[in-house]
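Enquirer: Going line by line, the protein sequences match chains Y, S, V and C.
Heads up, the first sequence is in our numbering, so the first residue is 1 and it goes up one at a time.
Heads up, the second sequence is in our numbering, so the first residue is 151 and it goes up one at a time.
Heads up, the third sequence is in our numbering, so the first residue is 301 and it goes up one at a time.
Heads up, the fourth sequence is in our numbering, so the first residue is 451 and it goes up one at a time.
These aren't lab readings, by the way, just hints derived from the structure by calculation.
Quick reminder that beta carbons are idealized off the backbone N, C-alpha and C, glycines included.
A couple of the hints might just be wrong.
Unchecked claim - Here are a few chain Y residues that face chain S, going by a calculated C-beta distance under 8 Å:
# : residue
1 : G32
2 : H35
3 : F83
There are 4 protein chains.
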Amino acid sequence: MANEIQIKGGPESIRLHPYEHHTKYHETDQQGIIHHSNYIKWMEDARMNLMEQIGLGYKQMEALEIMSPVLSLSIEYRSVVKFDDTVVVDIHLVSYDGHKMEIAYRIYDKQTGEDRAVAKSRHCFVNKSGIPISLKRIYPELDTKFFEFQ
Amino acid sequence: MANEIQIKGGPESIRLHPYEHHTKYHETDQQGIIHHSNYIKWMEDARMNLMEQIGLGYKQMEALEIMSPVLSLSIEYRSVVKFDDTVVVDIHLVSYDGHKMEIAYRIYDKQTGEDRAVAKSRHCFVNKSGIPISLKRIYPELDTKFFEFQ
Amino acid sequence: MANEIQIKGGPESIRLHPYEHHTKYHETDQQGIIHHSNYIKWMEDARMNLMEQIGLGYKQMEALEIMSPVLSLSIEYRSVVKFDDTVVVDIHLVSYDGHKMEIAYRIYDKQTGEDRAVAKSRHCFVNKSGIPISLKRIYPELDTKFFEFQ
Amino acid sequence: MANEIQIKGGPESIRLHPYEHHTKYHETDQQGIIHHSNYIKWMEDARMNLMEQIGLGYKQMEALEIMSPVLSLSIEYRSVVKFDDTVVVDIHLVSYDGHKMEIAYRIYDKQTGEDRAVAKSRHCFVNKSGIPISLKRIYPELDTKFFEFQ
Numbered sequence: 001m002a003n004e005i006q007i008k009g010g011p012e013s014i015r016l017h018p019y020e021h022h023t024k025y026h027e028t029d030q031q032g033i034i035h036h037s038n039y040i041k042w043m044e045d046a047r048m049n050l051m052e053q054i055g056l057g058y059k060q061m062e063a064l065e066i067m068s069p070v071l072s073l074s075i076e077y078r079s080v081v082k083f084d085d086t087v088v089v090d091i092h093l094v095s096y097d098g099h100k101m102e103i104a105y106r107i108y109d110k111q112t113g114e115d116r117a118v119a120k121s122r123h124c125f126v127n128k129s130g131i132p133i134s135l136k137r138i139y140p141e142l143d144t145k146f147f148e149f150q
Numbered sequence: 151m152a153n154e155i156q157i158k159g160g161p162e163s164i165r166l167h168p169y170e171h172h173t174k175y176h177e178t179d180q181q182g183i184i185h186h187s188n189y190i191k192w193m194e195d196a197r198m199n200l201m202e203q204i205g206l207g208y209k210q211m212e213a214l215e216i217m218s219p220v221l222s223l224s225i226e227y228r229s230v231v232k233f234d235d236t237v238v239v240d241i242h243l244v245s246y247d248g249h250k251m252e253i254a255y256r257i258y259d260k261q262t263g264e265d266r267a268v269a270k271s272r273h274c275f276v277n278k279s280g281i282p283i284s285l286k287r288i289y290p291e292l293d294t295k296f297f298e299f300q
Numbered sequence: 301m302a303n304e305i306q307i308k309g310g311p312e313s314i315r316l317h318p319y320e321h322h323t324k325y326h327e328t329d330q331q332g333i334i335h336h337s338n339y340i341k342w343m344e345d346a347r348m349n350l351m352e353q354i355g356l357g358y359k360q361m362e363a364l365e366i367m368s369p370v371l372s373l374s375i376e377y378r379s380v381v382k383f384d385d386t387v388v389v390d391i392h393l394v395s396y397d398g399h400k401m402e403i404a405y406r407i408y409d410k411q412t413g414e415d416r417a418v419a420k421s422r423h424c425f426v427n428k429s430g431i432p433i434s435l436k437r438i439y440p441e442l443d444t445k446f447f448e449f450q
Numbered sequence: 451m452a453n454e455i456q457i458k459g460g461p462e463s464i465r466l467h468p469y470e471h472h473t474k475y476h477e478t479d480q481q482g483i484i485h486h487s488n489y490i491k492w493m494e495d496a497r498m499n500l501m502e503q504i505g506l507g508y509k510q511m512e513a514l515e516i517m518s519p520v521l522s523l524s525i526e527y528r529s530v531v532k533f534d535d536t537v538v539v540d541i542h543l544v545s546y547d548g549h550k551m552e553i554a555y556r557i558y559d560k561q562t563g564e565d566r567a568v569a570k571s572r573h574c575f576v577n578k579s580g581i582p583i584s585l586k587r588i589y590p591e592l593d594t595k596f597f598e599f600q
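If we strip away everything but chain Y, and leave its shape as in the complex, we get:
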């Protein structure tokens, strides 16, 4: 399905659900559209939703004392989003090497399928002290999940 991400793999492969957001009145600006800063929040929401689905939700990461700060992000706005629209945020893992990951996003209108924005973000993994860590070395089982997903 266009709206679902198929994780490659054997029979146990997981079908991920894309993240949906029904836009809110307080997200509008006086141009009568959704303010562009909100898309950055939806990217985070979709990312956390994805991590949850692959078993690496925020609470799991917190228990393992890992965090994944945003190193950089870029976004291209393609068409405006209005109040009361529902947008879908499709997300996939572009690269992962145990230390860093890059994620790509496509935000489109649920009803028309029209693209609203495409975006990317890069993340590393750090421990509670902010020291970069290798998921590959410390938590190989998580590493495997990423490869499955990739």
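We have chain Y already, so just place chains S, V and C on it with the hints.
Expert: Showing chains S, V and C alone in chain Y's frame:
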């Protein structure tokens, strides 16, 4: 002066500066006015600015491991605020008994002096574990500052 | 059901669905809880959701050139909300006289049912020029919907 | 001065003031730092402040019925910003051809001068109907201001 709060007391009495905010484009909504939820943030900004001025800034409170959560708040919206307006938030301590405090706010347009909103908020003091504490008993010197201000 | 609002009336009476919100990471603050200003946004989200359900959604109101600004609001915070919690916002119409309405809210944890906050807001109805209008006189059919709901 | 942008030109050249922002408590997240989505808002604040300084403030643009939507943006986060820090947003015009402009930003700590982020954004100019317009053709006097600034 209308715009400054005179702390009662001896010659060492402090003149507090009211908090000013220049409204931002991302605070507008599609009605073409500043969204009403932002006023709640300005109340916090003004409160922290006030606490800073009386020597009880957030960093001081953190060092003492005290926090002052919001118990309740109420606000009456009197006239709309537009983008690029500057609002002044006048603030004063309504009551303080060592355990709780109540703060009153008047938000008005800097240029015209017209009222935009009046508001109140109630706060208690808790330690890092969330246990209510008496400032009066534990930190009498802070207590004194409050009385001066009141 | 505790979670649903039964509109009084005849056999055509409508069962309203309460509004649910899954809290977001960007709603947290450095105390490790959801920042109190977000509750004000959820109240609006729930109110718009309610209006939609009774056939007076934002798009309908816009077509009729009616707006319902917030005159005042008050909220009592009862217990903290954490990231990843789902809160339910129960809402009901306290009063409506054709010119103004008052709405009450109960925000509680979906899983435990524990109260997080109770709140109220008051609204009037204005036309595009900001002039207060009587729904009773101009749009009696909408007026009827309110009475059904009340 | 490191903190001021010198507009090239004759004796009438303007010295632009960089935009400063004192971070707010409601901008923090539960990691104890300023949430990364706020930087996107500061970029807008700094951009509007710059436009104001070169005589093309939002009110002027609105009177001319011109808007400059964000086409894309990218940001690299270099170090964390904490509550109560003051950041400076230095901004300069990378390119302008009458139809589009690209702006670059450097966000740094006011006290230490340490870089917090670098960013870029691209914008076009549209009329009230959203139709792209050429500032060069329609408002040559504005065009001149941009060249002076560039």
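Enquirer: Does each hint hold? Answer for all of them.
Expert: For each hint, the structure was consulted:
no.	hint	result
1	G32	holds, 5 Å
2	H35	holds, 5 Å
3	F83	holds, 6 Å
Consistency note: the structure conflicts with none of the earlier hints.
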